[in-house]
Structure formats: C-alpha cells, structure tokens
Amino acid sequence: MPSVVVAQMVVSGALMGLVYALIAYGFQLTFASSRSINFGQGELVMVSAFVSLTLTLHGVPYWAMIPCGMLFGALMGLVIERTGVRLALEQKSEGWILMTIILGLFFFSGAENLWGRDDRPFPTPIPSDPIHILGVDVTPLELSVGVGVLAIMGLIETFKRRTLLGKALEAVSTDRDAAELMGISARKSIMLSYALSGAVAALAGILVSPITTVGPTMASALILKAFSVAVVAGLDSGFGVVLVGMFLGATESLASFYLGSGWREAPGLILLILALAVRPTGIFGKAVIRKV
Amino acid sequence: MSRPAARFLLTRGPEFLAFLVLAGIPLAVTNPYALGLLTLLAIYGILLIGLDVTVGYLGQVNLAHVAFLGLGGYAAGLVVLKLNGGLAAALAAGTLVGFCFGGLLAFPALRLDGPQFALATLSFAALSTTALNELEALTGGAQGLSFSRPPLLGLPLTPPAFYWVCLLLFGLVWLAMRNLLASKWGRAFEALRDSPIATDAMGVGAYRHKVAAFALGSSLGGLAGALYALNFQYLQPQSFVYELMVILLLGVVLGGRKNLWGAFVGSCLVVLLPNLLSNRHLFQAISALGFIAALAAGIRGLLKRQVRPFQALAPVVSMGILVAGGLKVENTEDWRKAIFALMLFSVVVGLPEGLMGFLEGFLARLFHVDPPALPAPAPLDEVLPPRRAGEGVLLEVRDLRRHFGGVKAVDGISVGIRCGEIHGLIGPNGSGKSTLVNVISGLYAPGDGEILLRGQSLPRGSLFRVARAGVARTFQNLQLFGELSALGNVMVALEGSYGTPLPLVLLGLARAEERRAQAQALALLDLVGLADQARAKAKDLTYGAQRLLEIARALARRPELLILDEPAAGLSHPDVQRLLEILRRIHDRGVTMILIEHHMDVVSELCDRVTVLDGGKVIAEGLPDSIKRDPKVIEAYLGGLPEADAPAPA
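So the sequences go chain by chain: A and B.
Heads up: the first sequence runs through residues 853 to 1144, numbered per the working numbering.
Heads up: the second sequence runs through residues 4 to 653, numbered per the working numbering.
What the hints contain is simulated information worked out from the structure, not anything from laboratory work.
Here the structure is a predicted model, which is why all the values come from computation and not from measurement.
Check the hints yourself; a few may be wrong.
Lysine-lysine pairs mimicking DSSO-like chemistry, simulated, CA-CA at most 30 angstroms apart [what the hints assert, rightly or not]:
#1 B/LYS620 x B/LYS631
#2 A/LYS944 x B/LYS635
#3 A/LYS1012 x A/LYS1040
#4 B/LYS540 x A/LYS944
#5 B/LYS542 x B/LYS307
#6 A/LYS944 x B/LYS542
#7 B/LYS411 x B/LYS631
#8 B/LYS331 x B/LYS307
#9 A/LYS1040 x A/LYS1019
All chains, full assembly: derive it from the sequences and hints.
Take a look at the structure:
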C-alpha cells in the first residue's frame, strides 16, 4: 500500500470528520446549559439541508442561502426545546431522550414525504477540481468544509467569551442555580443554546451535502458518528471534538477501504463503546465527583 | 367472600381468564392471518416484558433491544440451519445469545446513565445491523436467511401448535417475571433507579443489579427473537432497525411502564398498528377518538389544576395534527413514522403512566382491595441482636488524606472509635466532617492513609464493599428509595435475610422468606416509630419521618458501626427529642456510632467522646464538656477572641 494513498484517505477522511465534530459541538452547546441533547439532531441536519436545497432551487444565491438555512435550523432548535425538552427538564427527568427521538422521527417522516426518499445532489459554486498539496489531492469543496466548521466554532467560542450574552450562557453552564440568583434566566440561556445548536446543525448539513448528497438517510449516518465523537471527546470539552472528529473521519475512510464500505461505521461505534468502557466521561471530559 | 379470596380473584382472575381466552381462540377461529397475529402478540409480549425491565424498572432509554431480537433470531436460525438443532436448542441459543451480548454491552454501558447509556445502546444496535449485513458467510447478508421450523418431540409444529408454544412461554415469562419483581431483585431494581448511591451503601450493589437486569431483559429479547425466527422461518437484517425499536418503545410507554399488563397492551398495539394504518377509515376513526380523549383529559386536567398548560395542550395539538393529516393524506402507510411519532408524543406528554397505569389507578378507586395484611413484627432481638460491645478500638483512621484539586478536605486525620461508644464528629461548615465519613464509607477513595475496622483494612473507595464489611450509614441529603414503601426501603437493606436461589425465586418459592423479611423490617420500623406508615411511599413521608427511615434502613444492615450524617438537621424540637430516644435505644443494643451533628445539645447528651475538625485536621478530642471549653474549638467556631475575653482554661 503506497503511503500516498493512505495519506490521501486520511486527509479527506479527516476533513469529513470535521462535520461530525461540528454536529457533536452542537450537542455540547445544549449539554453545557441544560444537561440534555437532541437525539433527533441528525434529522435536524437533514431537514435543514433539504430546506436549504429548496431555497437554492428557487434561485436564492448560495451565500444568501447559508444564513437563511442557519436561521431555519435555529428556529427548529427552538421548537425542539419548547416541545421536547423543556417539560422534561422542569420535571427533572430524562424524558427528553425519548421526546427528542420522537421529534426526530416526525421530522424524518416529514422529509421523506415532502422531498422524497431519494438522495439528491446539492449544487454549490465551490469548485471540486482537486488541487495538489504536498502530494495529496484536496478539493476546494473539502477544504470549504474544514474552513466553515472551524470558522463557526471559533465564532461561537468568541461569542461565549467576549459578549455579555455569551458569558451569561457560560454562567448557566457552570452553575445554573447561582446564575439564576444573579438574575440570568436559565430558560432563556437554554433556548439560546438550542437555537445555536440548531444553527450549527444546519450549517453542518449545508457544508456536507455537496459532498454526500441530500437524502433522508443522511440523518442516521451522520448522527451515529457525531454521537461517537461527542461521547469519546467528552460532552463538556470544547475543542476535543475537533481532534476526535478528524481522527474518527480518518479511521472511517481507512476502514471502508480495507474492510469494505459496509463496515464504514464500525470503527466509530466500536470506539464509542470502548471509550465508554475505559473512560465514561470522555477523553477530554472532566471527571464528575459524586456528591451526597 | 373472604378478603384474601376476593383479592386473589381480582388480581389473578383477569390474568387467568385472558390466558384461557387466548389459548382457546385457535379452536374456534381457523383464519391463518388471525392466528399469525396472535402468535406475534405472544412473541412481542415476551419482547416487551424484557424491554420494560430496562425502560421501566431501571428507568433508562434502551435502544438496543431490537438488536437482541435480531441476534437471538439469527442464533436460533443458525442453530436450526447449520447444526440441525431442535426447537429447544434453537430457543436456548436465542436466549443465551441475548444474555451474553446483553451482559457484554451492559458492563461498559451501565457505568453511565441517561444520554450516554442511550447512545451506547444505539451504537450497539447499529453495529449489530452492520455485522448481520456484512458477515455474509454466516448470515447471508442482505439476502436473508431461510430455514424451516424444527419439529417438537418428533411432531411437526403446525401454526396452532406453534402458537400454543409461544403463548405458553409468554405465560411462563409472565409468571417468572412477576415472582422476580416481587422479590428482593425487583426491589433492588427499583431502589437503584431512585438512588444508586444508597443502593451501594446498603450493600446491595447497584452496578451488578443493573447488569443483571439488563442481561435479563436482553435474554428475553433473545428468546423473543428465536420465536420470531421460527415463526417467519426467514430473517433479514432490515427487519431489526431503528423504526421497529421506536415502535417497541411506543408499545411499552403506551401500555404502561413497570407493568406486565402494560407489556401485554403494548404488544397488542404493536401487532395491530400496521392493520390500523392500512385502513384509512379505521385510522380516521381512531385518530378522532384519540383527539377527543386528549381534549377531554386536557380540559379535565386544567380544571383540576393537575397539569401544566403545555401538558394539556400538546397532546391535543398533536392529535389534532393526526386527525387533520388523516383527512388530507392519501396514503397513511407512507406517513407511518410521523403517525407513530404523534401518537407517542401525545402519550408521553399526556399520559406518562401509560394506558394500564391510568386504568389501574381508575380500577383501584372503583374496587377497593386491601393489600395483604402485614405479618406481626419480628422480635427485635432477632433483627438486631444485642451485641456485647467488646473492648478496644473498633475503627481506626490513620493519617487519612483526601484532596479535591487544591482543596485539602481531609488533611491527615487520625482518630480512633472505641467499641460501643457514640463518637461525635463536629466542626464548622467545610471542616471536612462529611468528606471524612464519605471516605470511611467508601464513597470516595482516600488519597492516602489507612482505615482499619477491628484491625483489618477496610475496603477503599467502594460503598458496596464497605457496607458488606459491617459499616452502615445515613446521608445528610436524604438518599431514600422514593418510589418504594417505607417497608420496602428497609427490606432492600435486609440483605442477610434472603437465601433462596434465583431459580426458586422465579418459581415463586420465596414467599416464606418474604414474610420473614417483612416481619423483620416491621420490627425496625417499629423501633423508629414508623410501623404505622409501613405502606406509605418514602417520598410521601414527612421530612422527620424520612430521616428516621434512613436510620431504620441502615440498621437493617445489622451494622457494627453506624455512621449518622447530621440526623437532626432540619428536625423540629419534638422530633429531635424522639431522635435522641431512638438513638439511645440503638446504642443500648451495642451498636457503635459516629455522629456528625451541629446541634450541640444532641452531641452533649449522647456522645461519649467528641472529635472536632477544622480545615481538614483534628483540632481537639475529648469529652463533650471539655470540648466546649477548649479555646481552639471556640476559636474555630467564633473566630479569634481578644486575649482578655478568652475563657480561663478549664
């Protein structure tokens, strides 16, 4: 096996892995503020991608479509928070797991019927002719994924650190009760985190769709890997997801080459179960001290 | 009719009747389609009882159950196809595969709760689908696997005969499960859902019971899978996907969690759902009924102010969408998943206890049946034999350290607890009292130092093993098993009283032992003055009663050393007097105690000796009276005093 081919696969796999990292980052946003995540996030990615595709097909230019798609994602994030998460959080139960699964199923069925079950191409102005970098072929399209992911994550992290609203979000994440006593509304912070998470999911859909095509089944393919990344990296570690995401993407493209494409998802799943066995809080996660 | 007879008839009668009716149907109806549905009903019944163990009793969202159905099915199919196995071998193979994979997954997955657990099970399900698809040499891949049903004892299994086999197994699983859930196992399952920490601290072992419960549920999944395989005589990986998993969850949740009848109702629903969807008019009728039910329930709930507006409104909106959709959409089959989603959503929000949970509450009000009478309390000497305190030091702590980051919560503490004494542990907030007992009782592993019980090293960092070594404790922030009765709380901790092996428990042969445990638990409740509230759920007791219940539960461990973490915190004055009285009686039975307390009157009245902590170190030790005059203690509590005001040394 020539090392160039391996390097080639590692690079394009790692760039794909950044998409998983972005979706996983969406989990972290809501987990930090509310200790809950949207199990239907994959469906949210898919539906947002379909809406963005529809916008594009109706003549909205690519660069104008991106914010519209993200806005849609943010709105859907709010819908999920209101219908699926808030009640369970108020009751201090884990009912949100089942509720978000249910909402995901509803989105899936809707997409299946509104846009059809087939995979559809997603037009993009970014060229996909490979360019040669250090002996490896990379397309500008693949690079755009990496740039987009890192840009939005950098933007949100800056927002959390530099703005008052962002600091309020961090405060709720650190200690909800203390933040409420300081006059910060935990409910609004959780809504904000769900909106951000939805917007991030939509962007992930927009970035990945030109490469993978859009179809209802993209939801489950993406979500499992994003889950793996989030859990392996730890649900509370900021940039750990980027490293794990790239690693997972690379192993995945190697696995599908050596073992066959049917085994594509296996490394991520095995990695996930192993990580849970060895370090349940994730590689970059903080250990939790049990209190009584 | 006598009361026990009436109770027996009302509780067991419907089960027996339903079984007879189900068994009799094939004699009257020969329609093969109906028979197929009945067979599936029995199979899904077993499957859902298994799923209810994790979803209901452990309270975890388990997304791997469909994988056990598939793996069990393939195991049975392969045994028949490749090994020429008979019916029994195929069923055993399915169950065993479910059990093994369930156990294998449970070990890593059950160290987690909630979302991480759900993720792990989801990944396992996806992985098993991948494996079934890709291991073509064994499973035939996407092509599927066909085989024919083996005969039973040489006789061919006709569809009715196979149905009876399934029904019989369903009945047996039902009975075994009921026996299991009424035993110490069922109590442990409920206990660890409410408080895993207290389950460990009562020497029951939360983790091992979780794994056992998950493996049990998975083996039922495997058994159901084997029957599923033998029923269809054809398997393909696409049958065991996420969509079926959601339908199964719908079955359990809609039927009612923690409920055998719920599993039965859920199974009926899962079997009938495809038929309901294929007929448009039937679907419209049902969705309209659902809408009316949601509307009625919502208005009633709002008028009685039992529910939040969202809980009342959301099911109505969701069912409304279902009705509107039913009128508009041509082919309901295409919208199958959305329909499941809307139904499941309405049920989870509007009827969280499920159909059977609701119905049982309703029936219980209609036919009031007294629970079986409790036995007379056992003599206290049997439950808590008076022990001679003995001589010397019971617990010795040497130079114990435990740091959290830079916080030196316990910083080199040495203390000896003598046999038979009540040893007070006081100190200002944050002085390390709770951390010290948390390290002794095994919640935290010590950073450094030794803990010896009667000269033997105490296990480190394991609540469970420390509890087994004879140390029991209560918790400052109550850790009761809220859903269990007061009696049940104590019975969980009566570990030493149960000896019946699991197979006999499943056969229902542990009743005598249960009665004895009840009698013993009642004796302990009597000791703390809660015998008349034995049946009340722990979460419904008053705060003072809850504190006393924690003490009774800890005593059920028959501890050598009892650690009480602020038992009087938040109690009213009369309750404190009661507590004092109770602690004296416990002390008279020779139980050594460590008492953390802020009420100085309690400490001076009860304690033989007192250790004072500050900043993670021992600052004074001695008799309660001399401690009160110790200048270092006064300084720790009140801050430094000017020289002139300092009390003269005693």
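For each hint, the structure was consulted:
At roughly 18 angstroms between alpha-carbon atoms, B/LYS620 and B/LYS631 fall within 30 angstroms of each other, so this suggested pair holds. This hinted pair does not check out: A/LYS944 and B/LYS635 have alpha carbons roughly 44 angstroms apart, beyond 30 angstroms. Taken as a hint, the A/LYS1012 and A/LYS1040 pair is honoured in the structure, with Cα atoms around 15 angstroms apart against an allowance of 30 angstroms. Distance restraint check for B/LYS540 and A/LYS944: the Cα-Cα separation of roughly 19 angstroms lies within the 30 angstroms cut-off, and the hinted pair is therefore satisfied.
Restraint check for B/LYS542 and B/LYS307: satisfied, since their Cα atoms lie roughly 23 angstroms apart, inside the 30 angstroms limit. The suggested pairing of A/LYS944 with B/LYS542 holds, with an alpha-carbon distance near 15 angstroms, which does not exceed 30 angstroms. For the suggested pair B/LYS411 and B/LYS631, the alpha carbons sit about 26 angstroms apart, so the restraint of at most 30 angstroms is met. With a CA separation close to 35 angstroms, the supplied pair B/LYS331 and B/LYS307 exceeds the 30 angstroms bound.
Taken as a hint, the A/LYS1040 and A/LYS1019 pair is honoured in the structure, with Cα atoms around 13 angstroms apart against an allowance of 30 angstroms.
When held up to the earlier numbered hints, the structure conflicts with 2, 8 and fits the remainder.
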